[in-house]
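Enquirer: Top to bottom, those sequences are chains E and D. For the first sequence, my numbering assigns the number 21 to the initial residue and increments by one for each residue that follows. For the second sequence, my numbering assigns the number 2 to the initial residue and increments by one for each residue that follows.
Note that these hints are calculated values from the structure, not bench results. Certain hints may be false.
[Stated by the list, open to error] Under the rule of at most 30 angstroms between Cα atoms (straight-line distance), these lysine-lysine pairs were calculated in the DSBU-like manner:
| id | chain 1 | residue 1 | chain 2 | residue 2 |
| --- | --- | --- | --- | --- |
| 1 | E | Lys71 | D | Lys74 |
| 2 | E | Lys71 | E | Lys47 |
| 3 | D | Lys71 | E | Lys71 |
| 4 | D | Lys79 | E | Lys64 |
| 5 | D | Lys56 | D | Lys71 |
| 6 | E | Lys64 | D | Lys71 |
| 7 | D | Lys118 | D | Lys79 |
| 8 | E | Lys64 | E | Lys91 |
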Amino acid sequence: NAGVMQNPRHLVRRRGQEARLRCSPMKGHSHVYWYRQLPEEGLKFMVYLQKENIIDESGMPKERFSAEFPKEGPSILRIQQVVRGDSAAYFCASSPTTASSYEQYFGPGTRLTVT
Amino acid sequence: AQTVTQSQPEMSVQEAETVTLSCTYDTSESDYYLFWYKQPPSRQMILVIRQEAYKQQNATENRFSVNFQKAAKSFSLKISDSQLGDAAMYFCAYRSAFSRAAGNKLTFGGGTRVLVKP
């Protein structure tokens, strides 16, 4: 059973460009979470999605950031008009369908560098 | 909102010795889960150990064990017989047990870097 997949692993964007980060959850998982890790800090929750629904986006910046998890395909975290402060590692995690499950399985992360 | 605090930015341990990492948290909830994650230089987040708040018995996983003090809201990790491969960042994390929208997210501490000396 393949783990959580994220691509690209490294992404370089110039200020003002758009960044698209992809996450394929583990097989059978329908809950996806995005976290951001700034240098030398812990992970910070951004958004929690189920298929076709945003459940909790309390950690998402109000502007420029959006996320989706379509019925088919990976979850996408989209950052428009990137700025230097967006440089960070972005992690995706997934968990199984069952509501009682509490473990989140993490992907390897995407390191975004804004030049 | 819940907060997780790791007061030790860095800890150093001699190979084969024991090191204890501290973690405190703040919550008004009575039921929750606590985790320790390891992040090696590869940046992959690896679950080390988990603890359910309703269980009084401290969790253990091979050389890793926790000291869970619910009243004190403390959740320390002990690494016994330290190995070079244990060198990494360690993050403490909290998750509510309530299966509502806001209860599914993990709240992380700032991390403790563990250095293992040969």
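Enquirer: All hints are to be evaluated individually against the structure, with a verdict given for each.
Expert: Going through the hints against the structure:
1. E:Lys71 / D:Lys74: With Cα atoms ~35 angstroms apart, E:Lys71 and D:Lys74 exceed 30 angstroms; violated.
2. E:Lys71 / E:Lys47: Distance of about 13 angstroms is within 30 angstroms: holds.
3. D:Lys71 / E:Lys71: violated (35 angstroms)
4. D:Lys79 / E:Lys64: holds (24 angstroms)
5. D:Lys56 / D:Lys71: holds (10 angstroms)
6. E:Lys64 / D:Lys71: holds (24 angstroms)
7. D:Lys118 / D:Lys79: holds (17 angstroms)
8. E:Lys64 / E:Lys91: With a Cα-Cα distance of about 26 angstroms, the restraint between E:Lys64 and E:Lys91 holds, given a limit of 30 angstroms.
Hint compliance for this structure: hints 1 and 3 are broken, all remaining hints hold.
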